[in-house]
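Q: Protein chains in written order, with the working numbering: chain X, 17 to 294; chain D, 22 to 859.
Don't take each hint at face value.
[To be verified] Calculated Cβ distances over 12 Å to all of chain D for the following chain X residues:
1) Thr27
2) Leu57
3) Gly59
4) Pro156
5) Ser190
6) Ser233
7) Asn240
8) Ala267
9) Ala273
[Claimed, not checked] Listed next, the stretches of chain X that the computed footprint assigns to chain D, with coverage defined by at least 3 CB atoms under 8 Å from CB atoms of chain D:
10) 76 to 87
11) 115 to 125
12) 157 to 170
13) 199 to 209
14) 224 to 230
[What the hints assert, rightly or not] Dumping the calculated SDA-like pairs for lysine to any residue here, alpha-carbon to alpha-carbon at most 25 Å:
15) X:Lys183 <-> D:Pro747
16) D:Lys41 <-> X:Ala72
17) D:Lys774 <-> X:Met17
18) X:Lys66 <-> D:Pro747
19) D:Lys629 <-> D:Ile573
20) D:Lys753 <-> X:Trp134
21) D:Lys252 <-> X:Trp134
By construction, these hints were calculated from the structure, which means they are not laboratory data. Please read all numbers here as calculations on a predicted model, not as lab measurements. Glycine is no exception: its CB is placed at the ideal position from the N, C-alpha and C atoms.
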Amino acid sequence: MARYSILIDVTKCTGCYNCFLACRDEYYGNDYPSYSAAQPLDGQFWMQIKEIERGAYPKPKACYVPTPCMHCESAPCMDAAKDGAVYRRSDGIVMIDPQKAIGQDAIVSACPYRVIYWNAEKQLPQKCTLCAHRLDEGDPLPRCVESCPTGALVFGDLDDSGSEIAKRVGEGRSEALHPEYKTRSLVQYIGLPKCFVAGEVVFKDNPGECAQGVTVSLSGAGVNRETKTDHYGDFEFEDLEKNQQYEISIAADGYVARQVAFTTRKDVNLGEIVLEPK
Amino acid sequence: MSEQVFTNCTNAGPVSVYVKDGKVTRIRPLVADEKDFKPWVIEADGRRYSPPKKFSVAPFVHAERRRLYSDERIKYPLKRVDFDPKGERNPQNRGKSAYKRISWNEALDIVSSEIKRVRDTYGGSAISGLTSSHHNWGIVGYKMGPFARFMNLLEFTPVLDNPDSWEGWHWGATHTYGFYWRLGMPEQYDLLEDGLKNAEMIVFWSNDPDSTRGTYSGQESSIWRQWLKEKGVEMVFIDPFHNFTAAAMEGKWIAPRMGTDAAMAMAIAHVWITEGTYDKAYIETHTIGFDGFKKYILGEIDGQPKTPEWAETESTVRARVIRALARQWAKKRTVLSGGSRGGEGGACRTAFGTEWARMMVLLQGMQGLGKPGRSIWGTTMGAPSDTDVWFPGYADLQGRIATATVADYLPINTNKQRLWRLTIPDAILEPPVSWYGEGFCGQSLEQQFKHFEYPMEGHSEIKLFYRYGGSFMGTMSDTTKWVRMYQSPKLEFVVNQDVWFNSETRMADVILPVCTNFERDDVGEFAAAGGYTVHASSGCNHRIIVRQQKCIDPMWESKSDYEIFTLIAERLGMKEQFTDGKTELEWVKTFFESSDLPKYINWEEFDKKGYYIINTKTGYKSTPSLRWFAETRDCDTPDLNNPKRNTEKAKELGTYSGKIEFESESLKAHMPDDQERPVSPRYIPSWEGHHSDLYARYPLQLLSPHPRFSFHCHYDKHTDWLNDIPVHRIKKDGYAWWPARINPLDAEPRGIKNGDYVRLHNDRASVLCMAVITERVKPGVIHSYASSAKYDPLIPGQADSPDKGGCVSMLTPSRMLSQNVPGMTPNSCLIEIERWEG
């Protein structure tokens with residue numbers, strides 16, 4: 017028994033798409049009988065890259081969330097499938113039988129992550145197999161993981177306590193892409209983006225110098241945090257909860273303190289916050 | 022039939038090619054035996070950094086199979102339907118008329134008899150042509166081999182290349198710190214170790230290494246930057262676009278108005294001078310001309326001190342931000358990353374771009390260039406690498422079948438006439454044209470001052486144009502003129518020879534189909550260009566020489582370039598002179614035998630196994646770039662082409678004084694009165710920028726950098742898998758559109774929404790794109806990559822037709838960097854943008 021999975025470290029992903037293209041090379045036009053039918057040209061993103069632009073000019077961020085099949089331990093697609101068309105292997109990989117699944121479009125719509133793709137020509141639901149056919153031949157890695165240049169994708173057996181993936185997951189920083197779906201996905205993430213607030217503090221009486229070292233406090237959603245502006249007068253709080261109300265307080269000796277309230281409907285750039293001298 | 026596995030190499034990484042029943046089924050990053058790797062280790066701050074035992078190729082390499090079988094392959098020899106070499110040639114219909122399939126015999130007869138006719142009538146100088154760069158890999162078949170060897174036999178008129186992509190460094194920085202033998206880019210040896218051990222901050226100025234990848238080394242260096250990020254090295258990105266490296270590394274983004282980078286650099290110098298935070302001892306011993314430079318910076322020459330406040334009015338970057346950056350740069354050991362290979366970057370591809378490039382060198386000179394953590398490093402080269410083992414690169418004289426002395430016979434071209442790549446259309450349409458500079462001036466600084474005029478006295482104008490592929494509509498500047506050139510009756514015959522249909526292919530009279538490097542034999546080293554970029558394979562974590570095995574037979578009726586030229590040469594009675602009596606495989610073996618590789622592996626084993634990995638030796642001794650100069654020692658790096666190395670001047674740089682020159686001795690000697698590339702750098706506002714009259718009509722600046730998901734034009738259009746990557750192209754209504762990125766502040770008043778079709782336009786051209794609304798581009802700037810391979814005019818054959826394919830280079834100006842500097846200026850381009858209703 018094993019539980020094969022991929023740990024995806026979003027903080028290491030540069031959005032190079034090597035994983036997406038390696039996957040397409042493995043599967044486009046190639047049938048792997050009993051494992052998977054060939055990918056057609058359009059509409060198949062077994063390793064989809066979700067590019068997320070965050071924040072606003074001049075303080076934007078961008079990150080990428082590679083999104084394969086989550087290989088859920090409680091997989092809605094299995095529940096939706098008839099005749100055992102979706103099954104879990106003893107190593108944890110969730111497979112769609114390319115014969116039995118013909119015509120079963122309910123398998124596609126059952127997936128809350130939207131990572132099962134309908135092959136209209138073959139009337140077949142298709143998705144990531146973690147390159148099960150290659151693993152069975154003795155290859156150590158799925159193609160996507162093999163081609164990742166930065167180690168953002170870590171493949172291995174969660175049940176093997178000596179494996180890198182088990183160790184990394186054991187550090188407790190990993191999470192599911194959508195824990196609210198309660199599907200017990202084996203694929204785990206590190207560094208999924210939440211919300212951030214950024215801004216720049218400016219001294220009104222000294223606009224030619226950055227306001228470095230100014231204390232900025234944040235409160236809201238049950239947390240209190242504090243930081244200081246950097247040498248550009250910039251500040252930032254990462255990992256805020258979405259749709260929460262927060263308040264920033266800015267205090268510098270000799271200046272009138274400022275408070276700014278905001279709601280994290282999305283990432284927030286407060287822009288230049290000008291402090292008036294007392 | 023069971024699966025066979027072959028080895029091959031691409032322009033961005035080595036691959037294993039899986040073949041079943043004569044068909045390629047998969048192409049993976051080369052799968053090597055784990056035992057063949059002995060990865061280097063760099064120790065820094067108690068951590069050991071060592072690369073994985075694998076090859077990280079560029080994204081598009083994973084799509085090679087799709088490109089191999091692309092619908093865009095040229096399958097058969099073709100002739101334009103209304104071209105009759107014995108009757109009406111109808112040159113005006115080039116780009117408009119259809120083609121019909123002809124036999125190889127007919128095609129070869131036409132091409133060889135046209136060559137013969139033109140040579141007999143006008144002489145060899147009436148023949149010219151040029152190749153597309155980077156379109157395949159392997160030294161035997163590379164463009165500098167068969168094409169040049171064949172053309173030299175004809176005594177053709179060669180085309181000189183501007184160093185497109187780093188022109189400011191070539192034409193500017195060389196006069197500041199030498200390195201003309203690297204075309205202005207600095208040596209990069211062991212700068213990864215220096216970075217990991219010493220760097221506290223990296224300023225990426227006009228540099229997106231995660232996208233441009235040190236040219237040929239794929240994603241190999243991504244992990245280095247990952248390490249630097251994890252180490253907490255502070256990073257700053259100066260770029261009008263929040264580029265992809267910035268996105269991955271985070272850090273501070275500073276977005277100057279395009280064309281004003283030199284002003285910002287001068288303000289940094291102003292802060293250092295007025296606050297006394299530069300390396301005065303180094304200035305004293307390692308530089309000349311600082312006093313004059315200082316006077317200019319302080320405003321004692323033109324009355325304008327180059328303060329951060331002054332720079333803010335030009336660049337829009339807040340004075341306080343410039344000040345803070347300058348202070349941080351002086352305080353911390355700071356690497357300047359001024360382009361992918363150290364010195365490149367779009368900021369040098371603009372009006373007077375020489376001045377920014379020179380300022381980059383001088384800024385780092387003020388902070389002790391060469392001292393620990395004070396390098397100029399692109400972050401894409403400079404891994405530990407065993408440079409003792411010699412294997413030729415495609416640009417090495419000894420790596421080209423046209424010039425290598427392993428040949429028994431070398432054709433010598435005595436024709437002295439030259440064309441300048443950027444002005445070929447002007448030369449054809451409106452001669453004469455003239456310029457200064459011998460193109461890739463890698464032999465001396467003086468080459469930059471050599472004057473050329475076309476046509477040259479006693480030589481013919483060009484009548485026959487022989488082209489390998491080409492998508493110059495998408496890569497050069499003001500490129501509608503290429504369409505007009507092709508339609509000129511002055512070009513009596515145009516032939517295009519390529520693997521795929523490119524933008525220029527359908528401008529030819531006869532089209533010849535070529536096979537890829539998966540369909541022929543060759544040999545090549547990962548990332549090793551050789552020549553003026555010697556030791557470029559230090560951009561790879563492991564040096565690997567690949568026996569590029571023929572994986573499948575040439576498809577349809579395609580042939581290798583070598584075979585095509587052999588067949589034409591045979592008809593011209595020159596077969597033996599062309600082939601030197603060798604097959605392609607025999608050339609491969611000849612190059613192998615001429616290299617150091619036989620000391621480590623014999624031919625039979627290499628041929629069978631398909632690769633050899635050159636690991637660093639135990640006890641590897643690093644020699645960081647320019648440390649020798651900073652420490653006033655003899656040059657100890659393996660920079661082979663440094664002419665002072667191993668001489669009594671080995672402590673010196675390649676400038677006339679041997680030092681960093683704030684006032685250039687070479688410019689003083691040759692062009693002392695040039696006000697556009699003055700002896701000491703100046704900030705000169707762009708002739709097409711926010712100060713020019715045109716700004717009222719075209720208030721947006723076009724930023725058209727090198728693309729992220731194709732290699733120039735290669736892989737675009739021929740590799741439709743890439744159309745599923747929205748950074749590259751966006752599918753809508755059955756068409757894959759080229760993205761144009763626009764800030765919401767510019768989009769909103771124009772009623773442009775995300776995903777709208779838009780028309781980018783100015784007086785030169787109109788290009789249709791898809792709007793991508795993003796916070797990652799500076800207001801006032803439109804970001805759209807150069808290098809679309811899809812020239813798709815709404816009215817085919819009409820030069821001023823709007824293009825639907827995304828060739829934004831059609832919008833960019835013809836004007837050169839400055840009056841005596843013939844480099845291109847794509848980033849001095851004003852446009853307007855509007856919704857396009859179709």
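Q: Work down the list of hints and note, for each, if the structure agrees.
A: Against the structure, the hints come out as follows:
1. Thr27: Non-interface label on Thr27 of chain X violated, nearest chain D Cβ at 9 Å vs cutoff 12 Å.
2. Leu57: At roughly 7 Å from the nearest Cβ of chain D, Leu57 of chain X sits no farther out than 12 Å, so the non-interface label is violated.
3. Gly59: The claim breaks: Gly59 of chain X does not keep its Cβ more than 12 Å from every Cβ of chain D (closest is about 9 Å).
4. Pro156: violated, 10 Å
5. Ser190: For Ser190 of chain X, whose nearest Cβ neighbour in chain D is about 18 Å away, the distance exceeds 12 Å, so it holds.
6. Ser233: The claim stands: Ser233 of chain X keeps its Cβ more than 12 Å from every Cβ of chain D (closest is about 23 Å).
7. Asn240: Asn240 of chain X is indeed farther than 12 Å from all Cβ atoms of chain D, at 24 Å.
8. Ala267: holds, 20 Å
9. Ala273: holds, 21 Å
10. 76 to 87: Holds, because 4 residues of the segment 76 to 87 of chain X bring their Cβ atoms closer than 8 Å to Cβ atoms of chain D.
11. 115 to 125: violated (count 0)
12. 157 to 170: holds (count 6)
13. 199 to 209: Not satisfied, violated; 0 residues make the cut.
14. 224 to 230: Holds: 4 residues of the segment 224 to 230 of chain X have a Cβ under 8 Å from chain D.
15. X:Lys183 <-> D:Pro747: Given that 25 Å is the threshold and the Cα spacing comes to 35 Å, the pair is violated.
16. D:Lys41 <-> X:Ala72: violated, 51 Å
17. D:Lys774 <-> X:Met17: violated, 52 Å
18. X:Lys66 <-> D:Pro747: Given that 25 Å is the threshold and the Cα spacing comes to 10 Å, the pair holds.
19. D:Lys629 <-> D:Ile573: holds, 16 Å
20. D:Lys753 <-> X:Trp134: Since the Cα atoms of Lys753 of chain D and Trp134 of chain X sit roughly 19 Å apart, the hinted pair holds (cutoff 25 Å).
21. D:Lys252 <-> X:Trp134: Measuring from Cα to Cα gives roughly 44 Å; hence the hint is violated.
Going down the numbered hints, you'll see the structure goes against 1, 2, 3, 4, 11, 13, 15, 16, 17 and 21, while the others check out.
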